[in-house]
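**Q** Given next are the chains, with one letter for each unit.
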Amino acid sequence: MPTLWLVCLLLVLAAAGFVMGRARALSSAGGDARTLHSLPNYYGLNVALTSLVPALAVLAIWLLAQPIIVESRVSKLIPAETVPEGSTIGLVMSDVRRVAAGLDLVVDAGLLTVPEASGLRAEERDVRALLGEVGVALGADVRPEVLAAAQRSRMLNHTGGLLMTGLVTGLALAGLGWAYVRTNKDFRARNVVERGVLVLLIVAASLAILTTVGIVLSMLFETSNFFRLHDWKDFFFGSTWAPNFRGDSELSILPLLWGTLYISFIALLVSVPIGLFAAIYLSEYAGKATRALAKPLLEILAGIPTIVYGLFALLTVGPTLAKVFGKGGLLGVEWMAGATSVLTAGVVMGIMLIPFVSSLSDDIINAVPQSMRDGSLGLGATRSETVRQVVLPAALPGIVGAILLAASRAIGETMIVVMGAGAIAKFSLNPLDTMTTITTRIVSQLTGDTDFASPETLVAFALGLTLFVLTLGLNVLALYIVRKYREQYE
Amino acid sequence: MNDMSRLERVVETKNIKMECRDCQVYYGETHAIKDVNVDIEEKTVTAFIGPSGCGKSTFLRCLNRMNDTIATARVEGSFRLDGEDIYDRRVDPVQLRAKVGMVFQKPNPFPKSIYDNVAYGPRIHGLARNKAEMDEIVEKALRRGALWNEVKDRLDAPGTGLSGGQQQRLCIARAIATEPEVLLMDEPCSALDPIATAQVEELIDELRQNYSVVIVTHSMQQAARVSQKTAFFHLGNLVEFGETGQIFTNPVDPRTESYITGRIG
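First to last, the sequence lines map onto chains A and B.
Be aware that the first sequence starts at 1, since it is given in the UniProt record's numbering, and climbs by one per residue.
Be aware that the second sequence starts at 1, since it is given in the UniProt record's numbering, and climbs by one per residue.
No wet-lab data here; the hints were simulated from the structure.
A quick note: this is a predicted structure, and the numbers were derived from the prediction, not measured.
Here a beta-carbon is modelled for each residue, glycine too, at the ideal position from N, C-alpha and C.
Just to be clear, a hint being listed does not mean it is correct.
[Claimed, not checked] Sample of chain B residues at the chain A side, in silico, Cβ under 8 Å:
| # | residue |
| --- | --- |
| 1 | M66 |
| 2 | N67 |
| 3 | F110 |
| 4 | G121 |
| 5 | C171 |
| 6 | R174 |
| 7 | A175 |
| 8 | R255 |
Hey, can you work out the whole structure from these sequences and the hints?
**A** This is the structure we're talking about:
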């Protein structure tokens, strides 16, 4: 039975449980809802949840576990010596999976019956041609042990599916029955549902955290593969980024890191003063009406997709800069070769970051108690003196936190640098040079023809992990600073 | 400290420092202060008393134009400091606030060192030519604020680390460091314990030697202890204004009597 139908069945059972539980609770109270411990709906929910949640949990775990178990059982059928030269057991197993999926299609198409498919022998029939008929193309003839393994895997999956359906349905029915029997007017259904809600919330929170852990683990796995193929000293301490597919690439992160940090620095140089001043204006000077209008307008900037900023960099900012600094430009200098440069990407990224800085700083400045401002104004200070000498120092830790958060955004930004910064990895101090960043190199290493066994591709994961560690560190630092600051006035 | 016996003393006539006539304050549509006339005398402590929401703090904030910082507030009437209208277009509210200092209900030291807190006003007004002069100003203000002996060894420590009473005396020292002529105090002791309150009250009595002090208070005992003149506000009106002794022992208006004896408020 397909999983979708199983889930539907569970939902129907739960809905029936809801109606039944509610009705039983009401009848146990003689139709008077006031004598029930909880509202009637809680009894219904209790029955529905008791039936649904354990069944769904088992279903989820089963679906995750079954392929792993089947694969480990099946791979034992492939003797190590039959793996061809230059191949791995992983490649053979992917063949097995394709054949198994192909056989499913063959059965669905009615070319073979189920027992025929199970009894198929590679020696007797051209399996490759058979599978070709249903659109599964194989690179070579199917060897007997692969076919056997595929058949075994089909059988295991089939049995597993039947077992799962039985178990999950049984569990749902058992839960339903148990909760239904327990329903009477003194049963504390409300408290049970409350606990259920708590569990639901905890599961949601853990899923978010587990996903992060999963991302890190998958990156770690590929990164370790990379370092098995490539010297870690070259990656961290080399000076050249020159990937080629002949196998003697120099893959050092340092030139990319330099580009990343340089562009981020220029972005902060643009966004921090503008964002901060905007925040000061909005929180200290602007009237209510201005603030109500200007703040959302400023925050619209945050809603623009970064690809649009990238276009802005490519079509507007870059050519404008080239007109000023480029060949035959206004200044008569020839400092800029094309439209892409560190400055182009940095300026546009800075514009993107303005709302981050301003909106976070605005919140932080507003958190400075009014009594501080009163104290300063009461001493005869002007507004700007008050801002400079009292409000900003008091808000400084929080503002530093906001800037660090903006910095981590800048470091991880991709689209703007892909379109605005250029593609040449080098160390240069000239902001009008083209340069490249970690994120753009990840994009270019993973697009096009990729071979997941070569260091030139795997380096993307090492770059990604380094980037992740970098931004994670910045975020943790920023949150720590912001939190420490919050304690001061609470 | 004096008590009610002040009633029998000869009332000396003093110069009028601030003269307020027909004062009205509106918060949007609300008429918060109605037709108030008060004279603040030189070298005198004037107390504003009255139930919560009667407008005494609002009126106090008119005296150094702190209501300017509230967008919805509108002030009418004549407020004269030494005969000069403080709401005149030519008067800079920033300069005015240097002359009419203010101490707030909750101690609000800046998150800076004790020294920098006191030096804040003199610095923005350029009162000191060099570090030595600034040291002198700070020391004098802290001595007058009766805080010098407690903090002289830790002037670099943050002002926020002091106890509540010390913080409030620091705020008073900070206010008098700019040599104001009038000192406004908005319930300066409401966040303090009795001992700190006694210290601040003692300080107010000493400040009377040099300044006009206007204090808003909820405590009638405090008004009786520290002030020479008392104004009783009720629902935005100035009900009665006169010698403290007279207000507390022989009020003219029945509302004043009810408030003082605890029947309203």
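**Q** Would you mind marking each hint as holding or not holding in the structure?
**A** Okay, the hints, checked on the actual structure:
1. Interface hint at M66/B: satisfied, since its Cβ lies 6 Å from the closest Cβ of chain A, which is below the 8 Å cut-off.
2. Checking N67/B against chain A: minimum C-beta separation of about 11 Å lies over 8 Å; hint violated.
3. A hinted interface residue such as F110/B counts as satisfied when its beta carbon comes closer than 8 Å to some beta carbon of chain A; here the least separation is about 5 Å, so the hint holds.
4. Interface hint status for G121/B: upheld, as the beta-carbon distance to the closest one in chain A is roughly 4 Å, under 8 Å.
5. The criterion of a C-beta within 8 Å of any C-beta in chain A is met by C171/B, whose closest approach is roughly 7 Å, and the hint holds.
6. For the restraint placing R174/B at the interface with chain A, the shortest Cβ-Cβ distance is roughly 7 Å, inside the 8 Å limit, so the hint holds.
7. A distance limit of 8 Å between C-beta atoms decides the matter here; for A175/B the minimum to chain A is near 7 Å, and the interface restraint holds.
8. Taken as an interface hint, R255/B does not check out: its beta carbon lies about 31 Å from the nearest beta carbon of chain A, beyond 8 Å.
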